[in-house]
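Chains as they are written, first to last, in the numbering used here: chain A, 1 to 385; chain B, 1 to 529.
Don't read these hints as lab results, they were simulated from the structure.
Hints are all accurate, no fakes.
Under the rule of at most 27 Å between Cα atoms (straight-line distance), these lysine-lysine pairs were calculated in the BS3-like manner:
{"hint": "1", "chain 1": "B", "residue 1": "Lys485", "chain 2": "A", "residue 2": "Lys125"}
{"hint": "2", "chain 1": "A", "residue 1": "Lys104", "chain 2": "B", "residue 2": "Lys485"}
{"hint": "3", "chain 1": "A", "residue 1": "Lys198", "chain 2": "B", "residue 2": "Lys485"}
{"hint": "4", "chain 1": "A", "residue 1": "Lys188", "chain 2": "B", "residue 2": "Lys485"}
{"hint": "5", "chain 1": "B", "residue 1": "Lys16", "chain 2": "B", "residue 2": "Lys528"}
Reference excerpt, derived from the structure (chain B facing chain A, CB under 7 Å, subset only):
{"hint": "6", "residue": "Phe31"}
{"hint": "7", "residue": "Val32"}
{"hint": "8", "residue": "Ser371"}
{"hint": "9", "residue": "Ile375"}
{"hint": "10", "residue": "Leu471"}
{"hint": "11", "residue": "Ser475"}
{"hint": "12", "residue": "Glu476"}
{"hint": "13", "residue": "Leu478"}
{"hint": "14", "residue": "Ile480"}
{"hint": "15", "residue": "Met481"}
{"hint": "16", "residue": "Thr483"}
{"hint": "17", "residue": "Asp484"}
{"hint": "18", "residue": "Trp487"}
Just so it is clear, the structure is predicted and the values come from calculations on it, not from any experiment.
Think of the CB as a built atom: it goes at the ideal place given N, C-alpha and C, for glycine as much as any other residue.
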Amino acid sequence: MKKTVYRFSFATGVVIAGILIILIFTFLGDKSKGPLSEFLSKIQSRVIDIESSYLLSQREPVRSADLGWFNKYRTDKELLKSPDTIFWGIYDNHYQESFENVIKLEDNLNIDNALIQLYIAWGDKPEQEFPMKYVKAINSLGSSPFITWEPWLNDFDRKKHGLSIKEDQNKNGLLDVINGDYDFYIEKWALDVKEFGKTVFIRLGHEMNDPYRYPWGPQNNKPQEFVDAWKHVVDKFSEMGATNAVWVWSPHQAYMMYEYYYPGDDYVDWVGVGALNYGTVAVWSKWWSFSEIFGDYYYWLQMYNKPLIITEFGSLAVGGQKDEWFFDALNKLPQKYPLLKAVMLYNNDNDNTTLNKTLDWSLNSDTLTWKAIHRAVDNWVIDNK
Amino acid sequence: MAKKDKKDLWTYREAKEVRSIDRFIYYTLLFVGIMSILRFADWWFRPQHVESLPLFTLLSLIIWYGILRIFLIWLNYSRIRKPEFVEAEKGLKVAIFTTSSPGEPLSMFDKTLEACANINYPHTTYLLDDTQDPAFKAVAEKHGAVWLELVGLPGAKAGKVNAALKMIEEDYVLIMDPDHIPFPNFLDKVLGYFKDEKVGFVQVAQAYYNQYRSFTALGAAEQTYTFYGPTLMGLFGFGSSVAIGANCTFRKKALESIGGHGIGLAEDLITSIRLHAKGWKSIFTPIVVSRGLVPEDFGSFCKQQLKWSRGVFEVLFSEIPVLFKNLSFWQKVSYLAISTYYLVGLTTFLYISIPFLYFWTGILPANMDFSEFIINGAPIIIVAILVYMFVQQWLSHPEHERGFHFHGMILKTATWPVFLLGSLLAVVNADIPYIPTAKKAVKGLSPYTRPLIAHLVVFLLTLVYIIYSRLTIVSEGLLIMTTDKVWGMFSFAFLTIILVVGGIYAAFESKNLEEEEPWSKIDLKKIKL
Chain A
1 MKKTVYRFSF
11 ATGVVIAGIL
21 IILIFTFLGD
31 KSKGPLSEFL
41 SKIQSRVIDI
51 ESSYLLSQRE
61 PVRSADLGWF
71 NKYRTDKELL
81 KSPDTIFWGI
91 YDNHYQESFE
101 NVIKLEDNLN
111 IDNALIQLYI
121 AWGDKPEQEF
131 PMKYVKAINS
141 LGSSPFITWE
151 PWLNDFDRKK
161 HGLSIKEDQN
171 KNGLLDVING
181 DYDFYIEKWA
191 LDVKEFGKTV
201 FIRLGHEMND
211 PYRYPWGPQN
221 NKPQEFVDAW
231 KHVVDKFSEM
241 GATNAVWVWS
251 PHQAYMMYEY
261 YYPGDDYVDW
271 VGVGALNYGT
281 VAVWSKWWSF
291 SEIFGDYYYW
301 LQMYNKPLII
311 TEFGSLAVGG
321 QKDEWFFDAL
331 NKLPQKYPLL
341 KAVMLYNNDN
351 DNTTLNKTLD
361 WSLNSDTLTW
371 KAIHRAVDNW
381 VIDNK
Chain B
1 MAKKDKKDLW
11 TYREAKEVRS
21 IDRFIYYTLL
31 FVGIMSILRF
41 ADWWFRPQHV
51 ESLPLFTLLS
61 LIIWYGILRI
71 FLIWLNYSRI
81 RKPEFVEAEK
91 GLKVAIFTTS
101 SPGEPLSMFD
111 KTLEACANIN
121 YPHTTYLLDD
131 TQDPAFKAVA
141 EKHGAVWLEL
151 VGLPGAKAGK
161 VNAALKMIEE
171 DYVLIMDPDH
181 IPFPNFLDKV
191 LGYFKDEKVG
201 FVQVAQAYYN
211 QYRSFTALGA
221 AEQTYTFYGP
231 TLMGLFGFGS
241 SVAIGANCTF
251 RKKALESIGG
261 HGIGLAEDLI
271 TSIRLHAKGW
281 KSIFTPIVVS
291 RGLVPEDFGS
301 FCKQQLKWSR
311 GVFEVLFSEI
321 PVLFKNLSFW
331 QKVSYLAIST
341 YYLVGLTTFL
351 YISIPFLYFW
361 TGILPANMDF
371 SEFIINGAPI
381 IIVAILVYMF
391 VQQWLSHPEH
401 ERGFHFHGMI
411 LKTATWPVFL
421 LGSLLAVVNA
431 DIPYIPTAKK
441 AVKGLSPYTR
451 PLIAHLVVFL
461 LTLVYIIYSR
471 LTIVSEGLLI
481 MTTDKVWGMF
491 SFAFLTIILV
501 VGGIYAAFES
511 KNLEEEEPWS
521 KIDLKKIKL
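Assemble the whole structure, with the sequences as input and the hints as a guide.
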């Protein structure tokens, strides 16, 4: 009997001691990131720097040389706020493997993509951190990174961060942002942006006036809360010294009332809208021309007197002539819309974010559209004023 | 003076007792270790990690085979046990066998036989000789040993032992390696265990005295420290401590019950498994009551390892299938674990190939983030290191043997081609000639160095290729995107290369090793009990 008691307490003791050790480890790592992974990302970033400066610097640059003209813009934030030319940009869904697709396409289109877009959601996961590796790669290619930063709040483990539990974290989520609940995340981003040091475009909480799409929209928050949350984030960045961010405010032009979401001239550097023609793939869509999607709203958008950007530019092929759509859209574009200072191709061949089927927006092998774009761009007259 | 004594090799040593608190701490470590393994498993087996299914399966096999080995070792330590000392009965009839073969240095036998004569417990020493050299007979007679001429018997050492067993009347036989110098209390420390009628053999720790001679000698000795301490203590706890070549004392009746000492490249392991299958118990006592020699040059070390790796598989293929049903559960586990140990040659080879496969073909076996791999694998490694450090308190001579055993690790990595060769020979059932472990250093660069040099050359060429391709071939859009993978893989390859370069160093050092007879310096009168 005595032996049984001894053995039992021995075993219990072992389990308790083991659990304690595990808890200590877990507790030590109880930050959005453990100390080890923090250390490893630092190493990764450092290795990229070392390789770039000692090995890759020996290489004859091609793309960044082609984009040499863009250098004066990306190093001068003031010039970027009122550029005297029009930039091309691109989002390509294969960027995580490489930017080869981007380079191939721009060679075919005869353009230089000064901006390269990434979409990053807020949250605790590694892929929700500031994408240091990718922005460094973009920078080395001679472009500026353009990050669409989406404040989905459900990917934060609030308990882990010592925050009160909410049933729906997105409900009144922007109030929590204003109250500083997510400052740990915003500050980390600001520090990373500062460490990167080069110009980064950040499009925060886009299409905030669309009541159906994103959780930071009006179904969960009041317009004023969006404005205050925006200011909170931008102020945090300035406080942390991340002055190299260029802030892009990006409403949905078709839903009115977006002026209530405007954070103010001091807090916004660029104004952006999307221009995607879904053709006839969805019940709610028809073949809309570029002037229907964008042109009709230009008058209202130019009133902000900020440089304008088309953040997603593209058309599907169902329901009309895709190449003609591109030609019509781009023909004499700078003449028609003098404040439009950037157009970003939406080169996504695997888009399943809007409909429950996969849409192909890509131009990777669409030679007809390439020709249409060549023809249209030939007619551009850029007013260097 | 006292401080110096702690490291003195020529003093009787024994491992420390296993206390309850030690077990408590150990089980706690084991618990955390198992949790780490489960956590790693949870992370490892995810569909998004599969880049290519066959390669992922192969990689999983290598990694999980390695983790299984780590787990088996942890499990083994959970029953770590030291037998309680039993006083030897008086009047037992004991024989000491030592064998001599052509080419072995006479002066070594002079020393060993003198040390045997110095053993306190009454016994008879036999020299089992096939040198056909009268000088050996003379040296035996000089130290009062019985000289038996046993020429032309199969199976080298074991053949002579079996022949001699039939010629003697004693009940217990200590088989002494001729390069080992026994301490006078050897028999007093082991004979008591035979009071238990079921005990078939008593093994003591093996210890060495020529570690100082070379990198190879130190590495070879370091590889054995943990085995002849905690590992065998654990096996003893599971009732499966084995005989290990030298300094094992057998009950003659036990050997007779299995038709004599086993014959083969791993004759001691064969003998152990047969005795265990017959129901005999074995004792391992972690005491230092003799010291011997390890191979001093890289070539001899590799030959010894080839012999063992080939021989141990024989146990897997020939002995285990026949004897399996007669073994206890834990004996089955132990012998399966021991007899598959040298698969490490194959797994090391595959493991080394991974980075080169990536550099030359771009193939990645798994789609994993490097840092995630490290973060998830680190707890297992940390626990493994803690366990390694923790069980070192049961080394037979901790003051001397403690440490990370880098030399041993280097030699182990550098001998992967030997292990691989051994396992391949076993699979095709091809023989290697019986090569006695060298007692003195052999000159010249060992042929076993060639695969290591080839590995180094391939590594350097690959480095040149990486730099060249990143300067010219790799497209700009891919460069920075692949920095972490390329240099992560490179450091992976680099870690192994450090060890391989250590092995090459050991081989070159062996070339210039001065010949010496280490036993000539030993003063038997200075052995302290």
